[in-house]
Amino acid sequence: MNTLWYLALGLVLIGMYLWYTSIVRRRIRVSEALAGIDVQLQQRHDLIPNVLTIAKRFMEHERALLSEITELRARAHQQIGERDFGKVSDKFETEARLGQQMGRLLMLAENYPQLKSDGPMIEAQRTYTEIETNIAAARRFYNASVAALTAAVQTFPGPLLKGAAGVSEVPPMFQTIDAARTAPDAGKFL
Amino acid sequence: MGPNDLRPADNLEQPPFVQGLIMGAIEQSGAWLHGMLRAIDQRVLIRVWGLGAAGLFVLVLIGSIAQSPTVIGVLQGVFAGLFLALLFAVGFGFLLQWARKDRVETTPAEASARAGALDARLAPALRDLTALRADIMSQVKARSVMRVPLGTAGGVLAWILARQGDDPPSVPAIALFMLIGALAGEYWAAYKLARQYRRRYKESVLPQIASELGNLTYRESSKREMERLAGMRILPHYDSLDSDDEIHGVHSGLPIRIVEVRLRRRQNKKRVTVFDGLMIGITLPRSLTGTTLVLTDRGAWENFKAGWGGADLETVRLEHQEFEKRYEVRSTDQIEARALLTPAFMERFVELGTRGGFSVPGAIAEGNTLTVALPKRMGAGDLFEPPPYWMPAGGAALVRLENDIRAVLRIADTVIRLDFFAAGRQRDAERATTST
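In order, the protein sequences belong to chains A and B. Numbering-wise (our numbering), the first sequence opens with residue 6 and increments by one. Numbering-wise (our numbering), the second sequence opens with residue 242 and increments by one.
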């Protein structure tokens with residue numbers, strides 16, 4: 006009988022250990038996903054000054070928007086590498102606003118035929134679109150990783166093991182900002 | 242020189258002797274049957290159709306009851322009668338459909354004009370091919386003098402040997418053995434030369450037709466490269482791989498490569514075709530560096546057992562439920578895989594499989610090169626096949642080859658539209674073409 010008890014205890018311990026390693030792996034995966042987002046954001050930040058330099062030559066009337074983008078970029082740039090889950094939401098929000106304003110800038114650029122046909126601007130727009138696609142992909146990877154971690158820590162025996170596995174709080178999912186949830190009114194900008 | 246000058250002499254448009262005899266006999270009996278069916282009133286034929294099916298059913302039922310006058314006998318008669326009546330109805334229906342069509346198909350004026358234009362453009366190549374055909378025909382004739390009688394004698398020998406066995410063939414069956422032997426002799430006389438002609442035809446005609454449809458050309462594909470891709474498991478399991486035709490160049494502003502591939506596998510002592518389709522590779526206007534595989538999901542155990550893809554490939558879990566259900570994605574880079582497999586890409590990929598009535602076995606992205614395996618539609622037949630050496634090299638054959646290339650380019654367009662950036666490049670290329 007004792008052997009059976011030991012066997013059962015052994016199985017439980019093995020199960021707990023496997024669960025623990027699964028949480029640790031998923032936590033590491035979330036950090037990896039956050040780093041992946043940062044790599045893409047860094048590329049976006051590197052490109053924005055080039056886009057602004059080209060745009061400034063043609064978009065004299067959009068100074069307010071251009072300086073708003075410069076400020077948002079500077080703020081967002083400081084948040085690159087942020088791993089504190091409490092501050093990650095704020096970082097995501099800044100980046101979302103930056104993305105939104107860049108989208109607005111590119112939409113307004115359609116109003117400037119010279120800018121629209123400018124070779125470097127066309128190339129910059131293409132690169133920016135690809136970076137945005139990669140950022141979206143990195144966010145999807147992050148959200149998938151967070152979902153997997155959340156499932157592991159919220160399902161028994163996850164709540165008992167999450168502290169030992171280094172998960173004090175579940176990281177937030179990336180969510181779009183309220184302004185981005187409504188379709189833009191192109192009429193306002195044109 | 243006009244296209245008419247390329248037409249070979251009449252004696253070049255005849256198949257080899259034995260094949261000619263068989264084809265002639267089929268042609269004659271087909272013409273007789275067709276003429277007879279056309280001569281009979283349609284209403285009479287339809288009555289024969291209905292009454293024949295009903296009569297067959299009644300006859301089988303009566304026969305079955307006479308043999309076994311029990312409930313089982315009645316049931317057997319009903320089912321067997323229904324089956325045979327249905328078989329008769331379907332067969333006779335096909336016959337009637339066939340009889341309604343004209344035997345001599347008229348070439349549409351547009352196709353005839355295209356054939357004329359292609360003949361004129363490819364005149365030098367066609368002249369060479371016509372000379373080669375004449376040479377091959379005389380060589381086949383010369384070889385047949387020895388090999389057809391040898392084959393026929395072999396057939397007689399086989400019949401004699403078969404007579405010694407447990408189930409000896411009848412005396413009249415000697416004719417069949419001789420015919421098969423003669424055909425084998427003729428095949429022996431012509432096989433190598435016919436293959437040489439096919440290769441030469443493809444090399445001289447297909448690159449020119451392809452170049453007319455864009456910055457494209459034709460070449461013999463690299464079997465090793467196809468085996469490498471098949472080894473990545475984007476294609477089903479196979480024992481033998483055939484791939485000899487490749488169209489490559491730039492299409493819709495993107496470097497492209499289209500290879501016709503056929504895979505076969507031995508199953509229960511039979512060789513079955515497990516994949517007959519195209520491998521379409523496009524270079525995406527992207528800066529991807531990793532490797533991503535999209536494979537038909539064969540279940541967790543099969544995937545684990547096969548251990549495919551290599552150790553550096555990790556499973557990628559995606560949000561699209563239908564896509565996840567059908568495919569297993571593995572990649573060296575989780576973010577790049579998602580950058581390629583955007584929700585729109587996944588939606589179109591699933592649609593590509595369901596719309597065509599087939600499932601797409603898989604795709605691979607290596608760096609910026611996306612290769613998708615697409616099965617051909619049922620009954621599509623072999624693509625880029627030249628006419629046999631006893632048929633004219635130009636005319637309708639050229640139109641058919643041009644149609645083949647156009648068809649594969651249309652399929653390539655659907656692959657291009659999978660990716661947002663490639664589709665953008667395609668739109669730019671179309672705009673540039675329209676403006677010029």
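A couple of the hints might just be wrong.
As a list, the in silico SDA-like pairs of lysine to any residue whose alpha-carbon atoms are at most 25 Å apart [as the list claims (entries may be wrong)]:
| hint | chain 1 | residue 1 | chain 2 | residue 2 |
| --- | --- | --- | --- | --- |
| 1 | A | Lys121 | B | Lys382 |
| 2 | A | Lys121 | B | Thr371 |
| 3 | A | Lys121 | B | Ile287 |
| 4 | A | Lys121 | B | Glu671 |
| 5 | A | Lys121 | B | Tyr432 |
| 6 | B | Lys511 | B | Lys443 |
| 7 | B | Lys342 | B | Thr458 |
| 8 | A | Lys92 | A | Arg78 |
| 9 | B | Lys566 | B | Arg589 |
| 10 | A | Lys121 | B | Gly276 |
| 11 | A | Lys121 | B | Ser676 |
| 12 | A | Lys121 | B | Lys566 |
| 13 | B | Lys382 | B | Glu468 |
| 14 | B | Lys433 | B | Thr371 |
| 15 | B | Lys566 | B | Ser528 |
| 16 | B | Lys566 | A | Ala149 |
| 17 | B | Lys566 | A | Asn148 |
| 18 | B | Lys342 | B | Tyr428 |
| 19 | B | Lys382 | B | Leu402 |
| 20 | B | Lys464 | B | Ile415 |
| 21 | B | Lys566 | A | Arg34 |
| 22 | B | Lys464 | B | Asp623 |
| 23 | B | Lys433 | B | Leu262 |
| 24 | A | Lys121 | B | Lys511 |
| 25 | A | Lys121 | B | Leu262 |
| 26 | A | Lys121 | B | Ser528 |
| 27 | B | Lys382 | B | Leu325 |
| 28 | B | Lys443 | B | Val386 |
| 29 | B | Lys464 | A | Met64 |
| 30 | B | Lys464 | B | Thr675 |
| 31 | B | Lys464 | B | Val515 |
| 32 | B | Lys433 | B | Gly494 |
| 33 | B | Lys566 | A | Ala153 |
| 34 | B | Lys566 | A | Lys92 |
| 35 | A | Lys121 | B | Lys443 |
| 36 | B | Lys566 | A | Arg78 |
Since the hints were derived computationally from the structure, they do not count as laboratory data.
Evaluated hints:
1. A/Lys121 x B/Lys382: Cα-Cα ~69 Å, so violated.
2. A/Lys121 x B/Thr371: 56 Å, violated
3. A/Lys121 x B/Ile287: It is violated: about 69 Å lies between the C-alpha atoms, which goes past 25 Å.
4. A/Lys121 x B/Glu671: Holds - the C-alpha atoms of B/Glu671 and A/Lys121 are around 19 Å apart, at most 25 Å.
5. A/Lys121 x B/Tyr432: With Cα atoms ~62 Å apart, A/Lys121 and B/Tyr432 exceed 25 Å; violated.
6. B/Lys511 x B/Lys443: 31 Å, violated
7. B/Lys342 x B/Thr458: 38 Å, violated
8. A/Lys92 x A/Arg78: 17 Å, holds
9. B/Lys566 x B/Arg589: 15 Å, holds
10. A/Lys121 x B/Gly276: At roughly 69 Å apart (the allowed maximum being 25 Å), B/Gly276 and A/Lys121 break the hint.
11. A/Lys121 x B/Ser676: 18 Å, holds
12. A/Lys121 x B/Lys566: 43 Å, violated
13. B/Lys382 x B/Glu468: Given that 25 Å is the threshold and the Cα spacing comes to 39 Å, the pair is violated.
14. B/Lys433 x B/Thr371: The given pair, whose Cα atoms are some 18 Å apart, holds under the 25 Å limit.
15. B/Lys566 x B/Ser528: Answer violated: B/Lys566 to B/Ser528 is near 29 Å, above 25 Å.
16. B/Lys566 x A/Ala149: 17 Å, holds
17. B/Lys566 x A/Asn148: Given that 25 Å is the threshold and the Cα spacing comes to 20 Å, the pair holds.
18. B/Lys342 x B/Tyr428: 33 Å, violated
19. B/Lys382 x B/Leu402: 30 Å, violated
20. B/Lys464 x B/Ile415: 43 Å, violated
21. B/Lys566 x A/Arg34: Holds, at about 23 Å.
22. B/Lys464 x B/Asp623: 17 Å, holds
23. B/Lys433 x B/Leu262: With Cα atoms ~22 Å apart, B/Lys433 and B/Leu262 stay inside 25 Å; holds.
24. A/Lys121 x B/Lys511: Distance of about 62 Å is beyond 25 Å: violated.
25. A/Lys121 x B/Leu262: 70 Å, violated
26. A/Lys121 x B/Ser528: Cα-Cα ~23 Å, so holds.
27. B/Lys382 x B/Leu325: 46 Å, violated
28. B/Lys443 x B/Val386: Distance of about 29 Å is beyond 25 Å: violated.
29. B/Lys464 x A/Met64: 55 Å, violated
30. B/Lys464 x B/Thr675: 38 Å, violated
31. B/Lys464 x B/Val515: 17 Å, holds
32. B/Lys433 x B/Gly494: Violated: B/Lys433 and B/Gly494 sit about 40 Å apart, past 25 Å.
33. B/Lys566 x A/Ala153: 18 Å, holds
34. B/Lys566 x A/Lys92: 36 Å, violated
35. A/Lys121 x B/Lys443: 46 Å, violated
36. B/Lys566 x A/Arg78: At roughly 40 Å apart (the allowed maximum being 25 Å), A/Arg78 and B/Lys566 break the hint.
In this structure, the earlier hints numbered 1, 2, 3, 5, 6, 7, 10, 12, 13, 15, 18, 19, 20, 24, 25, 27, 28, 29, 30, 32, 34, 35, 36 are contradicted, and the remaining ones agree with it.
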